[in-house]
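Undergrad: The lines below spell out each chain.
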Amino acid sequence: MIAIVDYGVGNLFSLRCSFSAIQADAVVTSDEETIRKADKLVLPGVGAFSAAVQKLKESGLWSVVIEEAKKGKPLLGICLGMQMLFERSFEDGVFEGLALLKGEVRPIADVIPKDYKIPHIGWNALRFEKASPLFKYIKEGDYVYFVHSFYAAHCEDSLTASAEYGAPLTACVQKGNVFGCQFHPEKSGEVGLKILRAFVELGGKKA
Amino acid sequence: MITKRIIPCLDVRDGRVVKGVNFTGIQDVSSPVDKAEEYSKSGADELVFYDITASSEGRKLFTDILVRTAEKVFIPLTVGGGIRTIDDFDRVLKCGADKVSVNSGAIKDPSLVSAAARKYGSQCVVISADVKRVGGAFRVFAKGGREDTGLEAISWIKRCVDMGAGEVVLNSIDTDGVKKGFDLEMLSAVCESVNVPVIASGGAGNIDDFITLFKAIPRVDAGLAASIFHFGEVKIKDLKKRMLAEGIPARL
Numbered sequence: 429m430i431a432i433v434d435y436g437v438g439n440l441f442s443l444r445c446s447f448s449a450i451q452a453d454a455v456v457t458s459d460e461e462t463i464r465k466a467d468k469l470v471l472p473g474v475g476a477f478s479a480a481v482q483k484l485k486e487s488g489l490w491s492v493v494i495e496e497a498k499k500g501k502p503l504l505g506i507c508l509g510m511q512m513l514f515e516r517s518f519e520d521g522v523f524e525g526l527a528l529l530k531g532e533v534r535p536i537a538d539v540i541p542k543d544y545k546i547p548h549i550g551w552n553a554l555r556f557e558k559a560s561p562l563f564k565y566i567k568e569g570d571y572v573y574f575v576h577s578f579y580a581a582h583c584e585d586s587l588t589a590s591a592e593y594g595a596p597l598t599a600c601v602q603k604g605n606v607f608g609c610q611f612h613p614e615k616s617g618e619v620g621l622k623i624l625r626a627f628v629e630l631g632g633k634k635a
Numbered sequence: 003m004i005t006k007r008i009i010p011c012l013d014v015r016d017g018r019v020v021k022g023v024n025f026t027g028i029q030d031v032s033s034p035v036d037k038a039e040e041y042s043k044s045g046a047d048e049l050v051f052y053d054i055t056a057s058s059e060g061r062k063l064f065t066d067i068l069v070r071t072a073e074k075v076f077i078p079l080t081v082g083g084g085i086r087t088i089d090d091f092d093r094v095l096k097c098g099a100d101k102v103s104v105n106s107g108a109i110k111d112p113s114l115v116s117a118a119a120r121k122y123g124s125q126c127v128v129i130s131a132d133v134k135r136v137g138g139a140f141r142v143f144a145k146g147g148r149e150d151t152g153l154e155a156i157s158w159i160k161r162c163v164d165m166g167a168g169e170v171v172l173n174s175i176d177t178d179g180v181k182k183g184f185d186l187e188m189l190s191a192v193c194e195s196v197n198v199p200v201i202a203s204g205g206a207g208n209i210d211d212f213i214t215l216f217k218a219i220p221r222v223d224a225g226l227a228a229s230i231f232h233f234g235e236v237k238i239k240d241l242k243k244r245m246l247a248e249g250i251p252a253r254l
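So the protein lines, in turn, are chains L and H.
Everything in the first sequence is counted per this note's numbering, starting at 429 for the first residue and increasing by one.
Everything in the second sequence is counted per this note's numbering, starting at 3 for the first residue and increasing by one.
A few of these clues could be false.
[As the list claims (entries may be wrong)] Using 20 angstroms as the maximum straight-line C-alpha spacing, the simulated EDC-like pairs for lysine to aspartate or glutamate come out as follows:
#1 L:LYS622 / H:GLU39
#2 L:LYS603 / L:ASP467
#3 H:LYS121 / L:ASP434
#4 L:LYS542 / H:GLU194
#5 H:LYS243 / L:GLU618
#6 H:LYS121 / L:GLU519
#7 H:LYS74 / L:ASP453
Just so you know, these hints were derived from the structure itself, not from any lab.
Just chain L, same shape as in the assembly (with noise of 0.2 angstroms):
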């Protein structure tokens, strides 16, 4: 089973829908238990960053997701969702993260040219950067859906995918059990559900 941990930010029927799609066997849940059980997690998110932490630190589950992750449970961070298993983020100020994957969150304006709109909302394409389980299924130069003002930097250790926006822009990364997309899977038509799949299909057991 599939843990999407609601923690009170932002609209998780579209991806509660995408895994049914797909036939896995997902729910939304705050509830500790059914995150300890389950066999993998979902992080989704949408906002301002320290927002999201706030919330999932009143939630009770900030420490559970670390713990979990940290034994070694397969975990998706999926937007602002990504942007939270990094050190931290300058968006608004300076916020710590969950501080799972070596990085920090900053500013597309930083990296972009100047004409060009912010925020970075639509197709793109992948470039792969590093072989990842999750692009099991796709192709590079695949669209997926991105919306976003800031980005992953400084996540070399962990960057598998780019896409191209005047600068190579993080798209996915991995380390380990970690798994985080930029962009919105279960917005990204085929090829999205075809990345949620290998997912669910990690370790070899169907969630």
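Position chain H relative to chain L; hints supplied.
TA: Same frame as chain L, but now just chain H:
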């Protein structure tokens, strides 16, 4: 590289997709859920559902359709029509919408734009403007294009972006339904004045009209149309192939 988006718009009334010409003369097309699935499979980058019902029963049918679509269509969904309050945002976001477009509701109460952007983020708030030339000026119209608000369009759109709207849909009433091409003059004026994505709407009659749009105005992010897709006059796959052949980035 980010692609130019192609967005079919589904005007929904009483649970059916309909399409009018110059904002009136409505024809029944088909089931919105089937249509949404078909578009998604053929390469649509996003879908817009526009609720043109006024009754509460119609509204219930609309949200049911939204839920059923979001259960099987995994591309971004934008909802517009009858959005006047934060509760309206809440209602459609819970049913699977990713973005909400406001038009008359924002004209009546501009603070709706900033309140929604604060609560859901700018990426969620789309300002949709129905614009028509009146005595050489671009004017914003309300109530489905029936009422001249007296607002100058460019400054209104800029104001909405400043208040937090993350995208702009520009519907030219002058070219809508006429199928003679997008309103390039009006679109250029808007693209020059804002730094958020601009979606062109109104006037597409064939594939060439999209090619002309993207070549003439490189800052336009997306083209939106309804009837030419509904009636199969333009197939999204053919359009995307042509875009690629013309060197316009597209997702096929």
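Undergrad: Look at each hint and say if it fits the structure.
TA: Going through the hints against the structure:
no. : hint                : result
1   : L:LYS622 / H:GLU39  : holds, 18 angstroms
2   : L:LYS603 / L:ASP467 : holds, 18 angstroms
3   : H:LYS121 / L:ASP434 : holds, 18 angstroms
4   : L:LYS542 / H:GLU194 : holds, 14 angstroms
5   : H:LYS243 / L:GLU618 : holds, 19 angstroms
6   : H:LYS121 / L:GLU519 : holds, 17 angstroms
7   : H:LYS74 / L:ASP453  : holds, 16 angstroms
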